[in-house]
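Participant: Using the sequences and the accompanying hints, generate a full structural model.
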Amino acid sequence: MENIRIPRIMKETSKRHLHNGKTIGFVPTMGALHEGHLSLVKRAKSENDIVVVSIFVNPAQFGPKEDFDRYPRDMEGDMEKLKREGADILFMPDARAMYPDGFSSYITVKDLSDKLCGVFRPGHFTGVATVVCKLFNIVKPVAAYFGQKDFQQAAIIKRMVEDLNMDVDLIICPTFREPDGLAMSSRNVYLSHEERRAAAVIYKTLLSASQMIKSGESNPVDVRKQMHDTLEAEPLISEIQYAGVYDTNTLDELNEFKKQNLLAVAVKIGSTRLIDNMIVEF
Numbered sequence: 055m056e057n058i059r060i061p062r063i064m065k066e067t068s069k070r071h072l073h074n075g076k077t078i079g080f081v082p083t084m085g086a087l088h089e090g091h092l093s094l095v096k097r098a099k100s101e102n103d104i105v106v107v108s109i110f111v112n113p114a115q116f117g118p119k120e121d122f123d124r125y126p127r128d129m130e131g132d133m134e135k136l137k138r139e140g141a142d143i144l145f146m147p148d149a150r151a152m153y154p155d156g157f158s159s160y161i162t163v164k165d166l167s168d169k170l171c172g173v174f175r176p177g178h179f180t181g182v183a184t185v186v187c188k189l190f191n192i193v194k195p196v197a198a199y200f201g202q203k204d205f206q207q208a209a210i211i212k213r214m215v216e217d218l219n220m221d222v223d224l225i226i227c228p229t230f231r232e233p234d235g236l237a238m239s240s241r242n243v244y245l246s247h248e249e250r251r252a253a254a255v256i257y258k259t260l261l262s263a264s265q266m267i268k269s270g271e272s273n274p275v276d277v278r279k280q281m282h283d284t285l286e287a288e289p290l291i292s293e294i295q296y297a298g299v300y301d302t303n304t305l306d307e308l309n310e311f312k313k314q315n316l317l318a319v320a321v322k323i324g325s326t327r328l329i330d331n332m333i334v335e336f
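Under my numbering, think of the first position of the sequence shown as 55, with each following residue one higher.
Hint data in this document are derived by calculation from the structure and do not stem from the laboratory. Here the structure is a predicted model, which means the values were calculated and not measured. You may find that some hints are simply not true.
Quick list of in silico lysine-lysine cross-link-like pairs, PhoX-like style, CA-CA up to 25 Å [as the list claims (entries may be wrong)]:
id	residue 1	residue 2
1	99	69
2	188	169
3	203	188
4	169	313
5	169	135
6	194	137
7	119	312
8	76	194
9	322	258
10	268	258
11	268	212
12	169	99
13	65	194
14	188	65
15	194	69
16	268	313
17	99	137
18	212	137
19	212	258
20	203	96
21	313	279
22	164	137
23	69	279
24	188	99
25	258	203
26	194	169
27	169	279
28	99	203
29	322	279
30	312	169
31	279	212
Facilitator: Dropping the structure here:
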């Protein structure tokens, strides 16, 4: 596995592979890799000649009171995992290379960025869109792979790609879960033993809401109430930021069901913020 830290060298390497007729699959990450990340690498490996994985804890997507400094980092462990999966290139730029002195260009995807997580993390998705745009320009992938757990992020990147005529295919892959259903996340390591056990209620909430819809419930408002009731029954949940039924395209809360419906949850367990979602189709 080739390790590259300088954006210019990454660009030159990608250009060479593309010139030689190779396809590049790209998995952008912030490291602390788990099986969910590695499933994206496997998928990229099966569909492309060259797989590039980036590890970059992006300061632009963290608010002033968020967890940038303590975000999980395990570079040595991540490199071993990526070698085992057969990744071809690991791109690990530092913040100065990505945001040099005088950097002043940011991308904001309006509307979609202001809903759900955007209400509670102002500026977050501007940081996400900006860094993903930069990474696409540097790596030049044919296809880029994202997990469904970050549904809003994927929707925003999809809109950016469409609006700016970017020549990259977005592949959204299923959420990987622990045996009790908890979505795999790098932030799960923050949870105490008791909090980790309590976190299973998130998947339980999504599953029961999905079953409620499939059993014939006709009112999204009643589904939302059940979701809140289930979450509120767990004493270790310190805050419910949102839980309900949303439009998969606009992310607006629904008053009536559509052919495709997004069940989405964001809660804090102790001080750890966790998100998850599920799509229910008719």
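Participant: Please go over all the hints and tell whether each is borne out by the structure.
Facilitator: Hints, one by one, checked against the model:
1. 99 / 69: OK: residue 99 and residue 69 at ~19 Å, within 25 Å.
2. 188 / 169: Holds - the C-alpha atoms of residue 169 and residue 188 are around 24 Å apart, at most 25 Å.
3. 203 / 188: Distance ~22 Å between residue 203 and residue 188 Cα, so the pair holds.
4. 169 / 313: holds (21 Å)
5. 169 / 135: Violated. Residue 169 to residue 135 sits at ~35 Å, over the 25 Å cutoff.
6. 194 / 137: holds (22 Å)
7. 119 / 312: Roughly 37 Å separates the two Cα atoms, so the pair is violated.
8. 76 / 194: Roughly 11 Å separates the two Cα atoms, so the pair holds.
9. 322 / 258: holds (16 Å)
10. 268 / 258: holds (15 Å)
11. 268 / 212: violated (28 Å)
12. 169 / 99: violated (34 Å)
13. 65 / 194: holds (7 Å)
14. 188 / 65: This hinted pair holds, its Cα atoms lying about 11 Å apart.
15. 194 / 69: Between residue 194 and residue 69 the Cα gap is close to 8 Å, so the pair holds against 25 Å.
16. 268 / 313: With a Cα-Cα distance of about 12 Å, the restraint between residue 268 and residue 313 holds, given a limit of 25 Å.
17. 99 / 137: holds (12 Å)
18. 212 / 137: violated (29 Å)
19. 212 / 258: violated (29 Å)
20. 203 / 96: holds (17 Å)
21. 313 / 279: Holds, at about 21 Å.
22. 164 / 137: Between residue 164 and residue 137 the Cα gap is close to 38 Å, so the pair fails against 25 Å, i.e. violated.
23. 69 / 279: It is violated: about 52 Å lies between the C-alpha atoms, which goes past 25 Å.
24. 188 / 99: Holds, because 22 Å separates the two Cα atoms, which is no more than 25 Å.
25. 258 / 203: Holds. Residue 258 to residue 203 sits at ~15 Å (cutoff 25 Å).
26. 194 / 169: violated (29 Å)
27. 169 / 279: holds (19 Å)
28. 99 / 203: Judged against 25 Å, a Cα distance of about 21 Å means the pair holds.
29. 322 / 279: The given pair, whose Cα atoms are some 18 Å apart, holds under the 25 Å limit.
30. 312 / 169: holds (19 Å)
31. 279 / 212: Since the Cα atoms of residue 279 and residue 212 sit roughly 30 Å apart, the hinted pair is violated (cutoff 25 Å).
Of the numbered hints stated above, those contradicted by the structure are hints 5, 7, 11, 12, 18, 19, 22, 23, 26 and 31, listed in ascending order.
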